Amino acid sequence: GALVYQYPRRTICKSGTSMRMECQAVGFQATSVAWYRQSPQKTFELIALSTVNSAIKYEQNFTQEKFPISHPNLSFSSMTVLNAYLEDRGLYLCGARESGTVNSDYTFGSGTRLLVI
Amino acid sequence: GMPVEQNPPALSLYEGADSGLRCNFSTTMKSVQWFQQNHRGRLITLFYLAQGTKENGRLKSTFNSKERYSTLHIKDAQLEDSGTYFCAAATNSAGNKLTFGIGTRVLVRP
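Each protein sequence line maps, in turn, to chains A and B. Here the first sequence stands for residues 1 to 117, where the numbers follow this note's numbering. Here the second sequence stands for residues 1 to 110, where the numbers follow this note's numbering.
In short, the hints are calculated from the structure, not lab data. Some hints here could point you the wrong way.
[Said to hold, decoys possible] Sample of chain B residues facing chain A (criterion: CB under 8 Å; computed from the structure):
| # | residue |
| --- | --- |
| 1 | Q36 |
| 2 | R40 |
| 3 | T45 |
| 4 | Y48 |
| 5 | K97 |
| 6 | I102 |
All of these numbers come straight from a predicted model, not from anything done at the bench. Glycine is no exception: its CB is placed at the ideal position from the N, C-alpha and C atoms.
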């Protein structure tokens, strides 16, 4: 079956430092990878959508300078939170999808929970 | 308004009861997914629908693209159904950009 693994599961970083999180797709080709943040008491905010062979599209309020993303192949993506501050805390979820299949649904990982101190 | 409006925000029901959740969309969506988020944060896919109705055990979901809504129905609720449920709709033409509802926190009581 289709699985997505994210690591680390949780991490703590000091304010002003950076933190990298990874996303691994198993059992399917991650043609599209979407990174979301779920802040406390909030729903999911889309940070950016990466599609192989296309430019990464960032949503309003999120920038490549702050959240650089790499999507080098059809099974892996990473995102870094640069200069993390309190407002960056939350659960970061990676969802991956293989386009062109019958059920082109997203499979999500368990997330990386970021705590900033 | 919001592209995806999910109701109710919270739902409390007793074991064995039936209930439903609904998402209304501001525009025509290509597809919808329903998720259950467990206490660890993992999003478990319940349904993916491009149209019509699907059932899986005690859960049933309907997506009507033309009428711009989707529903999730829980039948004979069990304690393990407790959690937060989210609908998410594909809002772009490629179908790869999901917009989430605010979630419904479901509590099943014995």
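Quick rundown of the hints versus the structure:
1. Q36: violated (11 Å)
2. R40: Cβ of R40(B) sits 6 Å from chain A, so the hint holds.
3. T45: At about 6 Å, which falls below the 8 Å cut-off, the nearest Cβ of chain A leaves the hint on T45(B) intact, so it holds.
4. Y48: holds (3 Å)
5. K97: holds (6 Å)
6. I102: Result: holds, 5 Å to nearest chain A Cβ.
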